[in-house]
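Student: Please build the complex by placing chain B on the supplied structure of chain A, with the hints as guidance.
First to last, the sequence lines map onto chains A and B. Oh and the first sequence: position 90 is 90 in our numbering, straight run, nothing missing. Oh and the second sequence: position 255 is 543 in our numbering, straight run, nothing missing.
Fair warning: there could be bad hints in the mix.
Claimed, not checked - Chain B stretches covered by chain A per the calculated footprint, using a threshold of three residues with CB under 8 Å from any CB of chain A: (1) 359-369; (2) 386-397; (3) 404-415.
Said to hold, decoys possible - With beta-carbon atoms standing in for the labels, derived distance ranges: (4) A:9 x B:340: 40 to 48 Å; (5) B:473 x A:95: 53 to 61 Å; (6) A:171 x B:389: 56 to 64 Å.
Said to hold, decoys possible - Computed list of lysine to aspartate or glutamate pairs in EDC-like fashion (alpha-carbon distance at most 16 Å, straight line): (7) A:127 x B:443; (8) A:127 x A:82; (9) A:69 x A:135; (10) B:415 x A:23; (11) A:127 x A:173; (12) B:415 x A:236; (13) A:33 x A:162; (14) A:127 x B:446; (15) B:488 x B:461; (16) A:200 x A:158; (17) A:191 x A:155; (18) A:287 x A:158.
Don't read these hints as lab results, they were simulated from the structure. Glycine is no exception: its CB is placed at the ideal position from the N, C-alpha and C atoms.
Protein chains: 2
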Amino acid sequence: MVSEWHRQGERVALVPTMGALHDGHLSLIRQAKEHAAHVVVSVFVNPTQFAPGEDYERYPRTLETDMEKCRSEGVSLVFAPDRNEMYGSDDEERPHYLSVRISGMNRHLCGASRPGHFEGVLQVVNKLFNIVRPDVAVFGQKDIQQWFIIRQMAEEFEHPVEILMGPTRRESDGLAKSSRNVYLSPDQRRKAPMLFASLKRVSDTLREQILKQDADSGEIPVPGTLLSGEKQRFAENGFKLDYFSIVGTPDLQPVDVIVPGRLYVIAAAAWLGNTRLIDNVLLNTRKE
Amino acid sequence: MVSEWHRQGERVALVPTMGALHDGHLSLIRQAKEHAAHVVVSVFVNPTQFAPGEDYERYPRTLETDMEKCRSEGVSLVFAPDRNEMYGSDDEERPHYLSVRISGMNRHLCGASRPGHFEGVLQVVNKLFNIVRPDVAVFGQKDIQQWFIIRQMAEEFEHPVEILMGPTRRESDGLAKSSRNVYLSPDQRRKAPMLFASLKRVSDTLREQILKQDADSGEIPVPGTLLSGEKQRFAENGFKLDYFSIVGTPDLQPVDVIVPGRLYVIAAAAWLGNTRLIDNVLLNTRKE
Numbered sequence: 001m002v003s004e005w006h007r008q009g010e011r012v013a014l015v016p017t018m019g020a021l022h023d024g025h026l027s028l029i030r031q032a033k034e035h036a037a038h039v040v041v042s043v044f045v046n047p048t049q050f051a052p053g054e055d056y057e058r059y060p061r062t063l064e065t066d067m068e069k070c071r072s073e074g075v076s077l078v079f080a081p082d083r084n085e086m087y088g089s090d091d092e093e094r095p096h097y098l099s100v101r102i103s104g105m106n107r108h109l110c111g112a113s114r115p116g117h118f119e120g121v122l123q124v125v126n127k128l129f130n131i132v133r134p135d136v137a138v139f140g141q142k143d144i145q146q147w148f149i150i151r152q153m154a155e156e157f158e159h160p161v162e163i164l165m166g167p168t169r170r171e172s173d174g175l176a177k178s179s180r181n182v183y184l185s186p187d188q189r190r191k192a193p194m195l196f197a198s199l200k201r202v203s204d205t206l207r208e209q210i211l212k213q214d215a216d217s218g219e220i221p222v223p224g225t226l227l228s229g230e231k232q233r234f235a236e237n238g239f240k241l242d243y244f245s246i247v248g249t250p251d252l253q254p255v256d257v258i259v260p261g262r263l264y265v266i267a268a269a270a271w272l273g274n275t276r277l278i279d280n281v282l283l284n285t286r287k288e
Numbered sequence: 289m290v291s292e293w294h295r296q297g298e299r300v301a302l303v304p305t306m307g308a309l310h311d312g313h314l315s316l317i318r319q320a321k322e323h324a325a326h327v328v329v330s331v332f333v334n335p336t337q338f339a340p341g342e343d344y345e346r347y348p349r350t351l352e353t354d355m356e357k358c359r360s361e362g363v364s365l366v367f368a369p370d371r372n373e374m375y376g377s378d379d380e381e382r383p384h385y386l387s388v389r390i391s392g393m394n395r396h397l398c399g400a401s402r403p404g405h406f407e408g409v410l411q412v413v414n415k416l417f418n419i420v421r422p423d424v425a426v427f428g429q430k431d432i433q434q435w436f437i438i439r440q441m442a443e444e445f446e447h448p449v450e451i452l453m454g455p456t457r458r459e460s461d462g463l464a465k466s467s468r469n470v471y472l473s474p475d476q477r478r479k480a481p482m483l484f485a486s487l488k489r490v491s492d493t494l495r496e497q498i499l500k501q502d503a504d505s506g507e508i509p510v511p512g513t514l515l516s517g518e519k520q521r522f523a524e525n526g527f528k529l530d531y532f533s534i535v536g537t538p539d540l541q542p543v544d545v546i547v548p549g550r551l552y553v554i555a556a557a558a559w560l561g562n563t564r565l566i567d568n569v570l571l572n573t574r575k576e
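The shape of chain A in the complex, shown without the other chains (with noise of 0.2 Å):
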């Protein structure tokens, strides 16, 4: 079907989700519409990027919605492959052998505290560009980490497709729209919108130091109360916060400085009793 439709000289969007369709998930499925003719999602909850103790077993699996969301949103194809289907069932012998390493990009945010986690993305998602082939691909702002590797992978492996980055959906009050917001109670629900409101904050705050500045003066030095101000917050509110961090791109290593012209993520992870949230907001250097 796909090969059919590449031959046909028509383009191919792919929307790799792990299912649990959200408006998020939506805004993604309409920007893919925009670049390629059809439209294919991927819906499968992808064991390897799972560390254990994490949500795999309880993550919401909602496949009849899910369709129903996608053909309402006019999608061409639905993927939505068994476990077997790709990775072998344990009966069957088909071993592993290979893994996508990564160094660096990894180190922080969520990657140092989600051992493998990257490393399982990468294996699903490179799985997934080879059986798709799609000419271009969608993921969200939110999952900004993600963002970036799979992007460095789609360079490194020479995939020939374009990564797009669909804006954070959030709700009215701010909270970015996300699968495990399920997870949360009332109270729980009540506060979380602080994680945004806080990476906002921070964003402010930077942004008018660069436009202060003069303009032939070099680097902004970031104030050491900046974070912990913040950090303080969300111990104050009941968060534990996993990180608070600004990082360059693409190679997503804390800074201390900012350079005007360069790209950096502020980004945010915070466990809201067993539920861990995260948000990002990319910083806007240039000086206008």
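Tutor: What follows is chain B alone, placed relative to chain A:
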């Protein structure tokens, strides 16, 4: 060009080489032509598959002659990228963060004495598969460990390519054709056919055991003296043996019993002076 062929539904075969084309390569090209309308030959001396101290610098480079040979074999396209094209230059900002790791399959045979070699091979072949997108690719039997590891990659990475094995081409005295044979002195060249003769002798001995065994009995032990006698012979003739092993497939682990019906490889590598020769035979274990 290649994508145009794909669009027209024409099959494409890839023959990856490091150039210095000899009869062995030409037979791979002929085999490729039987499976596809278009044959692409890549010529690239891949730096990442040479360990420090190996012969990357002195590896023979004969691009013009290679091109001529390809032309007369009816090759549709010769892809001869330079180092920068494949990996980016040092002054360019194109750092590498990813690598393909192999476990198990590279522990023995050439993998044991060439650390990082097969990771380098996979790095470049993975790129080539994604750039050329061949329907079929042909690799020679002589590099047998490479063949099994690449086939494993094609399977695990879901490259939609069929991996074919080209039989080893030999000189009239049995020496496997190799770009590295040009390094041999006349005296070394006279001794070199011992490698194949020895592999053949071991294979014939095991074959006899398999055929004379009762139909209903199981595993055939490999006599301990079988390999030790051969090893001594090499030492007496000035070879520095790297390995001489019987391994199972596809895991490439040494075995001390043969199970009829399974595929085994008898493989050896040895130094004659500064030149490393490798060769192997496949063991026919069918009882007929």
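Student: Taking each numbered hint in turn, which are not upheld by the structure, reported in ascending numerical order?
Tutor: Numbers 1, 5, 6, 9, 10, 11, 12, 16, 17, 18 - these are the hints that the structure violates, sorted from lowest upward.
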